[in-house]
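Same order as they appear, the protein sequences are chains X and A. First residue of the first sequence? That's 4 in our numbering, and the numbers climb one at a time after it. First residue of the second sequence? That's 4 in our numbering, and the numbers climb one at a time after it.
Rather than coming from a laboratory, the hints here were simulated on the basis of the structure. One thing to keep in mind: the hints can contain errors.
Put simply, identical chains are the same to the list, so a pair is met inside one copy or across any two.
Below are the SDA-like pairs computed for lysine to any residue, each with C-alpha atoms no more than 25 Å apart in a straight line [said to hold, decoys possible]:
(1) Lys137 - Arg254
(2) Lys33 - Ser68
(3) Lys5 - Glu56
(4) Lys93 - Arg124
(5) Lys250 - Gly275
(6) Lys271 - Ala206
(7) Lys33 - Glu71
(8) Lys134 - Ser256
(9) Lys271 - Glu239
(10) Lys250 - Glu212
(11) Lys243 - Ala264
(12) Lys34 - Glu55
(13) Lys176 - Leu326
(14) Lys137 - Ile252
(15) Lys250 - Lys260
(16) Lys188 - Ala242
(17) Lys137 - Phe273
(18) Lys134 - Trp57
(19) Lys167 - Phe311
(20) Lys188 - Gly117
(21) Lys188 - Ser300
(22) Lys134 - Ala257
(23) Lys194 - Pro73
(24) Lys243 - Tyr279
(25) Lys268 - Thr36
(26) Lys320 - Arg50
(27) Lys194 - Gly106
Predicted, not measured: the structure shown is a model, and the values here were computed from it.
2 protein chains.
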Amino acid sequence: MKIIVDAMGGDNAPEQIVMGAAQAAEELGKKITLVGDVARIQEVLTRYSIQEEWFDFVDAKEVISNEEEPAQAVRRKKDSSLCVGLNLAKEKNSVFLSAGSTGALLTGALVYLGRIKGIKRPAIAILIPNKLGKMTMLLDAGANADCKAEYLQQFALMGSIYMKNMYQLQAPKVALLNIGTEAAKGNALMKEAYDLLEGEEIAFVGNMEGRSLFDGDCDIIVCDGFSGNVVLKTIEGTAKMFFGGIKEIMRQSAVIKLAGALMKKPIKAFAGKYDYTAYGGSPLLGVNGAVIKAHGSSDATAIKNAVFAGYEYGQSKIISEILEKGIEKNTNI
Amino acid sequence: MKIIVDAMGGDNAPEQIVMGAAQAAEELGKKITLVGDVARIQEVLTRYSIQEEWFDFVDAKEVISNEEEPAQAVRRKKDSSLCVGLNLAKEKNSVFLSAGSTGALLTGALVYLGRIKGIKRPAIAILIPNKLGKMTMLLDAGANADCKAEYLQQFALMGSIYMKNMYQLQAPKVALLNIGTEAAKGNALMKEAYDLLEGEEIAFVGNMEGRSLFDGDCDIIVCDGFSGNVVLKTIEGTAKMFFGGIKEIMRQSAVIKLAGALMKKPIKAFAGKYDYTAYGGSPLLGVNGAVIKAHGSSDATAIKNAVFAGYEYGQSKIISEILEKGIEKNTNI
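Put together the whole structure using the sequences plus the hints.
Given below as structure tokens:
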């Protein structure tokens with residue numbers, strides 16, 4: 004298993020990326036390939052007295068930023084850490100991880116690794132912590148703004164295979180994101196997808212509304228990339244409003260401030276528990292290779308967790324199982 | 004101005020509805036027409052010693068529940084409080100308010116009042132309190148699961164006219180709900196809507212993501228009914244998760260419980276500030292008559308506030324302005 008990490012992607016690169024990779028390498032007892040500006044990586048190693056022995060280095064002089072148009076950036080910056088890393092990930096038994104531009108990672112993954120045969124569209128799968136202390140997968144979280152019902156059917160399939168393998172679930176429960184729980188609810192896309200999911204060999208539990216997002220009633224929530232991204236950003240906006248409100252309350256009086264000080268730690272722990280950016284990263288499902296997107300704001304711990312997830316993903320049979328199911332499905336159609 | 008209230012709609016009917024209507028009637032110094040099972044309404048009046056003089060009563064023996072299929076219920080239950088009330092609302096200078104089934108209210112409004120000439124689809128417009136202490140209108144919040152870009156264009160127009168008249172805004176800022184702030188972002192629908200809104204005589208400020216929902220950067224957020232409903236329910240789910248978390252924290256230790264007791268009141272006030280169900284109700288824009296949907300869980304105060312909003316709406320020039328703009332638009336096309 005080759006673990007390849009884009010050292011230059013993300014808001015805190017290369018520092019936090021390199022540190023997280025070092026922690027992961029040490030805990031796993033496995034060497035990690037760092038791709039990026041080796042001089043800058045070396046600086047970080049020196050500054051934090053990190054041992055070189057945990058790494059192989061592959062130099063890549065360019066960096067793709069979040070502001071660049073993904074397709075153009077991937078085409079032009081062949082010597083970027085993202086493209087060089089993806090090129091290395093062509094090798095069997097490897098995993099590639101980046102906290103860089105989601106769009107560029109997705110485009111690059113399609114260019115360098117391609118889709119799994121039979122899969123129509125890859126999806127970004129986000130893992131959201133639920134109140135049972137487990138994970139609920141939301142996909143697609145934004146790879147495909149416009150979807151057909153068959154894409155959603157394949158998302159359900161891919162999500163099931165991922166959750167089964169990564170979280171040892173016998174039959175992961177799949178729900179469809181909708182605006183009502185009854186079968187006939189929703190827009191034309193969701194109605195059609197409902198029928199397809201009912202006919203699928205998965206544990207389909209029906210429609211689910213945003214109000215039970217964190218209840219843990221299902222393991223996988225399937226939707227189009229537009230709706231999925233709207234959900235994620237609405238959670239973010241609501242959380243921001245809440246923490247802003249709590250801070251405001253704390254300022255109201257000295258006594259409350261004192262009381263609030265006692266709650267600071269548990270509130271922080273609570274926020275951390277639901278912070279999906281800190282866990283395991285997001286697999287790009289449907290891509291013909293193990294690719295993990297870590298959140299742009301990832302710190303060393305988030306990167307370490309994402310490497311752990313990537314290591315497991317890379318070793319698993321997830322991609323070959325998707326290949327099997329995808330082809331099977333398409334010969335059926 | 005005739006204020007007509009469905010006394011039987013909502014989770015807390017008729018009690019909270021009647022009480023809220025009584026408070027509104029007294030504060031406004033205006034009689035209100037209560038529609039519903041007069042015997043049950045009288046019981047409430049007696050129990051709470053509410054004076055009859057504030058009301059006219061119109062008997063309606065049936066009630067439409069949330070569980071009924073809207074179109075069927077409206078067709079079959081012509082003697083329901085909802086249908087009888089909407090029939091009364093045909094009268095010029097009237098407003099109808101219900102906390103009953105949203106679907107039935109929408110269907111009923113179309114049957115009894117029809118659409119404003121030139122308007123393709125009515126929309127449910129929800130008013131969400133933002134952190135500036137003002138209101139942001141989200142529409143469509145669920146009337147139309149599938150939308151065309153021209154519907155969104157009209158939603159923007161109707162929302163602008165409503166916010167201008169009700170909140171004395173010179174040029175209410177309109178944003179499009181999207182998954183990125185750049186112009187070319189989103190699905191096919193939003194891209195097309197973006198172009199239409201740019202050509203419209205409104206204060207279009209571009210795309211807005213869910214993460215800035217509560218920031219108050221715009222007065223109106225336009226989207227299809229599926230996405231709008233997903234946003235609302237995601238806010239609800241996230242809020243539920245947060246308040247659950249806070250409660251959990253309070254239980255962690257006696258000291259924190261004590262500290263938490265001090266914060267109970269401000270936390271409640273904070274929650275109340277953002278509780279959109281407590282404010283002014285939701286207008287069904289595009290319907291040829293002033294119709295206000297109050298939240299199903301409304302208590303007396305929420306009903307009172309919704310009656311106030313309805314009273315203002317009924318007196319305003321909103322509908323005639325929409326008529327003007329709608330027709331103008333359609334002769335242009």
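Hints, verified against the model:
For a Cα distance limit of 25 Å, the shortest separation of Lys137 from Arg254 across copies, 21 Å, qualifies, whereas the shortest one inside one copy, 34 Å, does not. For a Cα distance limit of 25 Å, the shortest separation of Lys33 from Ser68 qualifies neither inside one copy, at 29 Å, nor across copies, at 62 Å. For the homomeric pair Lys5 and Glu56, the shortest alpha-carbon distance inside one copy (15 Å) is at most 25 Å, but the shortest distance between copies (82 Å) is not. Taking the shortest Cα distances, Lys93 and Arg124 sit within 25 Å of each other inside one copy (19 Å), while across copies they are farther apart (51 Å).
Taking the shortest Cα distances, Lys250 and Gly275 sit within 25 Å of each other both inside one copy (16 Å) and across copies (16 Å). Taking identical chains as interchangeable, the C-alpha atoms of Lys271 and Ala206 are never at most 25 Å apart, the minima being 35 Å within one chain and 40 Å between chains. Taking the shortest Cα distances, Lys33 and Glu71 never come within 25 Å of each other, neither inside one copy (33 Å) nor across copies (60 Å). For a Cα distance limit of 25 Å, the shortest separation of Lys134 from Ser256 across copies, 20 Å, qualifies, whereas the shortest one inside one copy, 32 Å, does not.
In this assembly of identical chains, Lys271 and Glu239 lie within 25 Å of each other by CA distance both inside one copy and across copies; the values are 16 Å within and 21 Å between. With identical chains, the CA atoms of Lys250 and Glu212 are at most 25 Å apart between copies only, with a shortest distance of 23 Å across copies and 29 Å within one. Taking the shortest alpha-carbon separations for Lys243 and Ala264, both the intra-copy value of 19 Å and the inter-copy value of 23 Å come in at or below 25 Å. In this assembly of identical chains, Lys34 and Glu55 lie within 25 Å of each other by CA distance solely inside one copy; the values are 10 Å within and 82 Å between copies.
Taking the closest pair of Cα atoms, Lys176 and Leu326 come within 25 Å of each other only inside a single copy of the chain (21 Å); across copies the shortest separation is 48 Å, beyond that limit. Proximity of Lys137 and Ile252 under a CA criterion of 25 Å is satisfied inter-copy only: 19 Å between copies versus 31 Å inside one chain copy. In the homo-oligomer, the alpha carbons of Lys250 and Lys260 lie at most 25 Å apart both inside one protomer (9 Å) and across protomers (18 Å), since each shortest distance falls under that limit. Taking identical chains as interchangeable, the C-alpha atoms of Lys188 and Ala242 lie at most 25 Å apart only when they sit on different chains, with a minimum of 24 Å there against 28 Å within one chain.
Taking the closest pair of Cα atoms, Lys137 and Phe273 come within 25 Å of each other only inside a single copy of the chain (14 Å); across copies the shortest separation is 29 Å, beyond that limit. Proximity of Lys134 and Trp57 under a CA criterion of 25 Å is satisfied in neither setting, with 36 Å inside one chain copy and 48 Å between copies. Taking CA atoms no more than 25 Å apart as the test, Lys167 paired with Phe311 passes inside one copy only; the shortest distance there is 17 Å, against 54 Å between copies. Proximity of Lys188 and Gly117 under a CA criterion of 25 Å is satisfied inter-copy only: 24 Å between copies versus 35 Å inside one chain copy.
Proximity of Lys188 to Ser300 under the C-alpha cut-off of 25 Å is restricted to the inter-copy arrangement: shortest distance 22 Å between copies versus 36 Å within a copy. Taking identical chains as interchangeable, the C-alpha atoms of Lys134 and Ala257 lie at most 25 Å apart only when they sit on different chains, with a minimum of 23 Å there against 32 Å within one chain. Only between protomers do Lys194 and Pro73 lie at most 25 Å apart by alpha-carbon distance; the minimum there is 18 Å, versus 32 Å within a single protomer. Taking the shortest Cα distances, Lys243 and Tyr279 sit within 25 Å of each other both inside one copy (14 Å) and across copies (17 Å).
Taking the closest pair of Cα atoms, Lys268 and Thr36 never come within 25 Å of each other, the shortest separation being 36 Å inside a single copy and 54 Å across copies. Taking the shortest Cα distances, Lys320 and Arg50 never come within 25 Å of each other, neither inside one copy (39 Å) nor across copies (68 Å). Only between protomers do Lys194 and Gly106 lie at most 25 Å apart by alpha-carbon distance; the minimum there is 18 Å, versus 29 Å within a single protomer.
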